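**Q** Residue numbers (the numbering used here), protein chains in the order written: chain S, 1 to 116; chain Z, 117 to 224.
Simulated from the structure, these hints should not be mistaken for lab results. Heads up, a few of these hints could be off.
Covered stretches of chain Z (chain S as the covering partner; in silico rule of three or more C-beta atoms under 8 Å from a C-beta of chain S) [claimed, not checked]: (1) 180-191; (2) 211-221.
List time: in silico PhoX-like cross-link candidates among lysine-lysine, alpha-carbon distance up to 20 Å [stated by the list, open to error]: (3) Z/Lys170 x S/Lys42; (4) S/Lys64 x Z/Lys211; (5) Z/Lys216 x Z/Lys185; (6) S/Lys42 x Z/Lys185; (7) Z/Lys216 x S/Lys41; (8) S/Lys55 x Z/Lys211; (9) Z/Lys185 x Z/Lys119; (10) S/Lys55 x S/Lys66.
Interface residues of chain S toward chain Z, partial, derived using beta-carbon atoms under 7 Å [stated by the list, open to error]: (11) Ser43; (12) Leu44; (13) Gly108.
Quantities reported herein were computed from a predicted structural model and do not represent experimental measurements. From the three backbone atoms N, C-alpha and C, an ideal C-beta is built for every residue, glycine too.
Each chain, written out:
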Amino acid sequence: GAVVSQHPSRVICKSGTSVKIECRSLDFQATTMFWYRQFPKKSLMLMATSNEGSKATYEQGVEKDKFLINHASLTLSTLTVTSAHPEDSSFYICSANGGGSSYEQYFGPGTRLTVT
Amino acid sequence: LAKTTQPISMDSYEGQEVNITCSHNNIATNDYITWYQQFPSQGPRFIIQGYKTKVTNEVASLFIPADRKSSTLSLPRVSLSDTAVYYCLVVRDDKIIFGKGTRLHILP
Numbered sequence: 001g002a003v004v005s006q007h008p009s010r011v012i013c014k015s016g017t018s019v020k021i022e023c024r025s026l027d028f029q030a031t032t033m034f035w036y037r038q039f040p041k042k043s044l045m046l047m048a049t050s051n052e053g054s055k056a057t058y059e060q061g062v063e064k065d066k067f068l069i070n071h072a073s074l075t076l077s078t079l080t081v082t083s084a085h086p087e088d089s090s091f092y093i094c095s096a097n098g099g100g101s102s103y104e105q106y107f108g109p110g111t112r113l114t115v116t
Numbered sequence: 117l118a119k120t121t122q123p124i125s126m127d128s129y130e131g132q133e134v135n136i137t138c139s140h141n142n143i144a145t146n147d148y149i150t151w152y153q154q155f156p157s158q159g160p161r162f163i164i165q166g167y168k169t170k171v172t173n174e175v176a177s178l179f180i181p182a183d184r185k186s187s188t189l190s191l192p193r194v195s196l197s198d199t200a201v202y203y204c205l206v207v208r209d210d211k212i213i214f215g216k217g218t219r220l221h222i223l224p
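Can you build the whole structure from these sequences, using the hints too?
**A** As structure tokens, this is what we get:
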């Protein structure tokens, strides 16, 4: 089946710095990618929809200037957490839509961000 | 998107059949019902999807009554490795909104 990778799998950064997380579709082209955040014991929360070649669409309550999303190619979307704070520590997961029928959405393995 | 309601948690024993029911009263004509499985610190994994009646694959079955206001995921002969969170989702176009999920705990 289709594979979505994320890099890094884990990252620890100091408060005030920025962190970039990459999401790649390895064997298919993804016109749309999604970014989620998940806190411990909680469900996934959709943050934004990333469209190749255009601006991302953010969900209500998600700061677009803090969570910068770039979908520069059909296989890569990046999420940059700017000026990270400890409350941004979370599990970030991306998914990619391969097009076609509605179930063709594949999730990455997630990135554990810890801000100290 | 239609809201889904499913049990917060369930326990079962190895070798048993487990049925998890989800309600989605406001499902629309174009919506599909999809189930995902998630292990701790991993991304969700697609299990099965259906529109109506019954769908079966190598890991599960999905039962959807005619009114489509609910669905039941059936896991045959579960093992300890099936301990995970199971999410029932209503998918419209390509946008997925996750509900709280069901935390399934398989006991030896």
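**Q** All the hints need checking, so say for each whether the structure fits it.
**A** Tested hints:
1. 180-191: Violated - the stretch 180-191 of chain Z has 0 residues with a Cβ nearer than 8 Å to chain S, which falls short of three.
2. 211-221: Three-residue rule met by the stretch 211-221 of chain Z, so holds; n is 7.
3. Z/Lys170 x S/Lys42: Since the Cα atoms of Z/Lys170 and S/Lys42 sit roughly 30 Å apart, the hinted pair is violated (cutoff 20 Å).
4. S/Lys64 x Z/Lys211: Holds, because 19 Å separates the two Cα atoms, which is no more than 20 Å.
5. Z/Lys216 x Z/Lys185: 18 Å, holds
6. S/Lys42 x Z/Lys185: Violated. S/Lys42 to Z/Lys185 sits at ~25 Å, over the 20 Å cutoff.
7. Z/Lys216 x S/Lys41: Satisfied, since the Cα-Cα distance of roughly 10 Å is no more than 20 Å.
8. S/Lys55 x Z/Lys211: 17 Å, holds
9. Z/Lys185 x Z/Lys119: The given pair, whose Cα atoms are some 11 Å apart, holds under the 20 Å limit.
10. S/Lys55 x S/Lys66: The given pair, whose Cα atoms are some 15 Å apart, holds under the 20 Å limit.
11. Ser43: With a minimum Cβ separation of about 5 Å from chain Z (threshold 7 Å), the hint on S/Ser43 holds.
12. Leu44: Because about 4 Å separates S/Leu44 from the closest Cβ in chain Z, which is inside the 7 Å limit, the hint holds.
13. Gly108: 5 Å, holds
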